[in-house]
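Asks: Following the hints, put chain B in place on chain A, whose structure we already have.
Protein chains: 2
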Amino acid sequence: MDKTINIAVIGLGGRGRSLLKCVILPLCKEENLCVTALCDIYEDRAASAAKKTEELGFSRPATYTDYKEAIKHPGLDAVIIASAWESHIEIAIAAMKQGLYTAMEVGGAYSLEDCWQLVHTYEETGRHCMLLENCCYGNEELAILNMYRQGLLGDIVHCAGGYMHDLRGEILNGKGDRHYRLRNYINRNCENYPTHELGPIAKLLDINNGNRIVTLNSFASASKSLHETAVRDFGANSPLGQVEFKQGDIVTTVLKCQKGQTIVLTLDTTLHRNYSRGFTVRGTKGAYFEDGRYFCIDDVSDYKFNPDKFWGNADEVIEEFKHDIWKNHTACDDHGGMDWLVISAFIESIKRDVRPPIDTYDAATYMCITALSEQSITLGGATVFVPDFTRSKWYRRNDIAVDTVFNLDKAEPFADLYQY
Amino acid sequence: MDKTINIAVIGLGGRGRSLLKCVILPLCKEENLCVTALCDIYEDRAASAAKKTEELGFSRPATYTDYKEAIKHPGLDAVIIASAWESHIEIAIAAMKQGLYTAMEVGGAYSLEDCWQLVHTYEETGRHCMLLENCCYGNEELAILNMYRQGLLGDIVHCAGGYMHDLRGEILNGKGDRHYRLRNYINRNCENYPTHELGPIAKLLDINNGNRIVTLNSFASASKSLHETAVRDFGANSPLGQVEFKQGDIVTTVLKCQKGQTIVLTLDTTLHRNYSRGFTVRGTKGAYFEDGRYFCIDDVSDYKFNPDKFWGNADEVIEEFKHDIWKNHTACDDHGGMDWLVISAFIESIKRDVRPPIDTYDAATYMCITALSEQSITLGGATVFVPDFTRSKWYRRNDIAVDTVFNLDKAEPFADLYQY
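From first to last, the protein sequence lines stand for chains A and B. 56 is the number of the first residue of the first sequence in our numbering; add one for each residue after it. 56 is the number of the first residue of the second sequence in our numbering; add one for each residue after it.
Treat each hint with caution, since some may be false.
To give an idea of the interface, some chain B residues facing chain A are shown, with a C-beta separation under 8 Å as derived from the structure [claimed, not checked]:
hint : residue
1    : K84
2    : N87
3    : W366
Ranges of calculated distance between the beta carbons of each label pair, as one might list FRET restraints [to be verified]:
hint : chain 1 : residue 1 : chain 2 : residue 2 : range
4    : A       : T385      : B       : Q297      : 45 to 55 Å
5    : A       : N242      : B       : Y330      : 34 to 44 Å
6    : A       : N242      : B       : D288      : 46 to 56 Å
Read the hints as simulated data drawn from the structure, not as lab findings. Treat the numbers as computed from the prediction; the structure is a model and nothing was measured. We treat Cβ as the ideally placed atom computed from N, Cα and C, and that holds for glycine.
Chain A extracted, bound-state conformation:
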């Protein structure tokens, strides 16, 4: 696309505002890009974001409270969805049907059917929905991917990761902040936020690109901490002190892949701890553990035998294997630069009119973990089948991707083996 890309942002809570201010508007100065519409169900949010946009020297975008109107804004080419979790897929499907280049923020699905509808909409309209999984572009995650592609880790047999983030404050202030987490933690019990850890692991394991996830089992601990914290901070007789939270404090989810790898995901958002995505990669030749920042390679005595090189030895390795796209990249957003990279990849896919690097099949695959986790927990940890949303394309893809990072064209040689 040579002409100006006109873009709308739908959802201007904390995340939408951060993306607009720190990434999308700055990108408008570098790319042929213009924010022409802003939409939020709360009128004040859209108005305030429009004002901010104007103050930063851009034309004032039109504002909407109804996304169905916003996606029909004259001349619109693309939309970025950063609304509440519950509305992501609904808005994305409407935008794709409208012919817009569509990207949505992360979050899990509420039913398998929604994931299928997302896929059907892509297949009917030819418009992908990119999942804006910024952690796929994390410096640490890409350094390990880089190391793996260079053969240093051998064959990967196991990965783990988590969303480990004490969010009690944000959850319990949900009413004041008009935030969706509170109602989710009251009403549901599942792996509600799997993609930050699963995205980078899926790229490492070539999910939908020569491999796929086949089964899921999920387990929730008792739910104790939110109640205890609500009673402590607001009193036992306060409305929050009386709430019964369904969400277990720790949710453990185990995935198995067609190529034999296991993946363990941990949702850990209501107990006190440091922040971590717990990124763990176990190959036959080497291992990386984000927790403890430990790295080892078999038979490299330097790493193997120097005890000082155990916990905490990884920083130099992350630096040594820094991915090319991080080398000249200056962090400039609320997540150390990842947001910039993922939004840039979306813009690049629009300009070249090719499938985005985290496409509709990936979105459906990553998001369905939440819906399936709810099923498995409800059924006492039962094994549930993870659908092949690609219906065989995972081993025979041939659509071109924007691929400076994830080796997405890698599936072709594999596919050749099986085509006749």
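Replies: This is chain B only, laid out in the frame that chain A set:
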């Protein structure tokens, strides 16, 4: 018991020799204890151990190659079993039926039925079989238990642990060493060694003492590393290079407890890494992570906000909460002192003729994890039920235990609530 306790050691491979030399014989100098019989199916092992015993200034014990003879040695009171995993329960049952005080080294069970037979034998004979789970007595594990009993961690909702130990060398040299691991890794795929991490967690969560484990799901990754290592070290055409190993490189097992806690166990013995038992305890007020040696308590700003206190901050806390039994204890065995403590607890239970602190119900409960893990993996991660080997005694125990450590009498007040 006031008279000399005459003891036999059955199984004199690496483990039996280590216990004999570093713990049992030194204890003979402190306690009214005498090693009168030694037994191993390999005659040279028993003979060599008897010679060593004599060299250290003790009477030469009788030697046997058949445990059925050894347990009938005249005047014998007690037996310590340190044979191959496959024979632990068979030998223990024979010893209990012989009226001996019985203790056995750790290892998993091969069928649920064996665990039941162990329990039936105790109930018929009145003789317990103590599981010698030394890690229940680990300095770190007991410091955390101590901290928890003092209320610092709040309610525990989740624990994790692992046997994380690169054993490729030991496994692949199994033939030369006459070691049982090799045949297990060739023929089975399961959580084959759960008790080092599960023991301390079970004590923390009052398993069989007010709580119990109710379900298990288990998952194995692909098996790649042993084959790759065998080919590398012995050649692709060597006997070991041609072996197909059944054991997955990483086995993840999830347990759920009656009181809502989740427990995640990891078997990680065939990939390069540092040694760890990955002991992780998550309470509503605090957390401990062995990996990364990180500790935090909610609302203690000293731990919460000083970034230097994240990874690696736990050493001072472990020291501060050192358990009384470690305070004047000088490490003197092959495992930093834990072996000494667990064997001493066994001797104490004999002298006072009370149930040992890790008793037959505990042994059955911990060991059944292996058999159930094999079931669950075979059934695609299916949820399997963990039997209540106590048949209700977990909430109404009233037999006296040796209890300087684990608060084993704690179940009584709870039981009172439900007795009428």
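Asks: With reference to the structure, classify each hint as holding or not holding.
Replies: Hint check:
Annotation: interface hint on K84(B) violated; nearest CB of chain A at approximately 34 Å, more than 8 Å. Hint status for N87(B) relative to chain A: violated, with the closest Cβ pair at about 42 Å, above 8 Å. A distance limit of 8 Å between C-beta atoms decides the matter here; for W366(B) the minimum to chain A is near 6 Å, and the interface restraint holds. At roughly 54 Å, the beta-carbon separation of T385(A) and Q297(B) lies within the given 45 to 55 Å, and the hint holds.
At roughly 43 Å, the beta carbons of N242(A) and Y330(B) sit within the given window of 34 to 44 Å. Evaluation of the 46 to 56 Å hint for N242(A) and D288(B) yields a pass: the beta carbon distance comes to about 55 Å.
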